[in-house]
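A.B. asks: Sequence:
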Amino acid sequence: MEALKNDLFLKALDGETVERPPVWMMRQAGRYLPEFMALKKKYDFFTRCRTPELASDITVQPIDIVKPDAAILFSDILVIPQAMNIEVEMKEGIGPWLPNPIRSQKDVDQVIIPNVNEELGYVMDAIKMTKEKLENRVPLIGFAGSPWTILCYAVQGQGSKNFDLAKGLCFSQPEAAHQLLQKITDTTIAYLKEKVKTGVNAVQIFDSWGGMLSPVDYQEFSWQYMNQIVEALAPLTKVIVFGKGCWFAMETMAKSKASALGVDWTCSARNARYLSGGNITLQGNFDPSRLLSPIPDIKRMVKQMIDEFGKDKYVVNLGHGILPNIPVDHAKAFIDAVKEYSA
1 MEALKNDLFL
11 KALDGETVER
21 PPVWMMRQAG
31 RYLPEFMALK
41 KKYDFFTRCR
51 TPELASDITV
61 QPIDIVKPDA
71 AILFSDILVI
81 PQAMNIEVEM
91 KEGIGPWLPN
101 PIRSQKDVDQ
111 VIIPNVNEEL
121 GYVMDAIKMT
131 KEKLENRVPL
141 IGFAGSPWTI
151 LCYAVQGQGS
161 KNFDLAKGLC
171 FSQPEAAHQL
181 LQKITDTTIA
191 YLKEKVKTGV
201 NAVQIFDSWG
211 GMLSPVDYQE
221 FSWQYMNQIV
231 EALAPLTKVI
241 VFGKGCWFAM
251 ETMAKSKASA
261 LGVDWTCSAR
271 NARYLSGGNI
281 TLQGNFDPSR
291 LLSPIPDIKR
301 MVKQMIDEFG
311 KDKYVVNLGH
321 GILPNIPVDH
331 AKAFIDAVKE
341 YSA
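Residue numbers are given in this note's numbering: position 28 of the sequence shown equals residue 28, and the series is strictly consecutive.
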């Protein structure tokens with residue numbers, strides 16, 4: 001295999017000393033780019049996910065335009081439930097919509113653990129095409145949602161401020177909930193292993209709704225399943241774990257086999273280093289809304305952020321996905337500020 005022209009991201013995940021930290025942005029392949037919006041007008045969301053030509057083009061767009069140090073495959077966490085016999089639509093103005101949410105043991109029994117190559121082969125094709133288009137310029141990240149976050153959508157049926165129905169299932173029918181979580185976990189492990197085999201250089205697990213749970217419930221309904229994924233994937237690739245609002249679990253996460261932990265913007269660099277024990281690579285944690293600040297402010301704040309985290313064992317990123325209303329030159333300024341960094 002040919003060497004990567006830019007392997008800064010992988011070096012940071014290995015904890016090596018670097019000239020400057022690497023940078024990429026969650027959701028960088030997407031809605032803030034006019035080039036992405038042009039494709040959005042022509043093709044609906046899941047068509048873009050399922051068409052390898054489109055998914056690979058979208059993945060590479062930010063590499064050409066804003067030039068981060070890593071690419072993340074354009075896809076969605078909800079391709080997993082789709083493959084598991086759970087119908088998922090994307091509705092304009094609503095977001096994910098699941099017409100038949102899971103509310104009982106009977107519903108859980110209908111959920112299958114699929115053959116990932118049959119059901120999700122299009123993702124593997126997208127990886128192969130993306131690797132060709134990237135021409136070894138930067139590493140490629142594959143990802144999946146955490147089992148808890150997938151359960152949230154599967155049970156709630158759509159996005160929510162508090163995922164009360166999802167929590168309700170866990171607390172009133174724990175046996176059914178744990179069976180569902182285990183099915184999602186088994187599917188996700190098979191899916192990510194296949195992605196690694198196909199050529200991704202690292203994987204990230206997104207626990208977008210982990211912060212909805214109390215620390216005790218987090219261990220039971222989220223972390224133990226995420227950790228199964230980490231344990232299964234760590235021998236094969238570098239695993240980044242990102243839990244939004246999960247600062248309370250950082251100590252536990254840091255003791256796992258994960259290569260890096262994502263941090264959101266509500267947790268300071270100092271607290272993140274303290275809670276994680278100071279030895280693991282951290283990734284984050286610029287508030288995505290802050291990209292609306294004037295460019296000189298963005299550049300100053302990025303430098304300050306790197307100073308606070310330290311340039312080593314650190315990957316610069318946002319604290320959550322980039323917003324659709326961010327001007328491209330502001331996204332570029334964020335990335336340029338990292339490239340211009342000197343302590």
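Fair warning: there could be bad hints in the mix.
Here are the simulated lysine to aspartate or glutamate pairs, EDC-like style, with alpha carbons at most 20 Å apart [stated by the list, open to error]:
1. Lys183 <-> Glu220
2. Lys40 <-> Asp14
3. Lys91 <-> Asp44
4. Lys193 <-> Asp125
5. Lys41 <-> Asp57
6. Lys42 <-> Asp57
Here are the in silico distance ranges between beta carbons for each label pair [said to hold, decoys possible]:
7. Gly199 <-> Gly95: 46 to 52 Å
8. Ala343 <-> Gln179: 48 to 54 Å
9. Gln182 <-> Val328: 17 to 23 Å
10. Arg31 <-> Asp297: 33 to 39 Å
11. Leu236 <-> Ile65: 28 to 34 Å
12. Asp297 <-> Lys197: 41 to 47 Å
13. Ser342 <-> Gln110: 55 to 61 Å
14. Asn6 <-> Pro324: 23 to 29 Å
15. Pro294 <-> Glu35: 46 to 52 Å
16. Asp307 <-> Lys42: 39 to 45 Å
FYI, nobody ran anything at the bench for these hints, they're computed from the structure. Glycine included, every Cβ here is placed at the ideal spot set by N, Cα and C.
A.B. asks: Looking at the structure, which of the earlier hints fail to hold?
C.D. replies: Violated hints (numbers, rising): 2, 7, 9, 10 and 15; every other hint is consistent with the structure.
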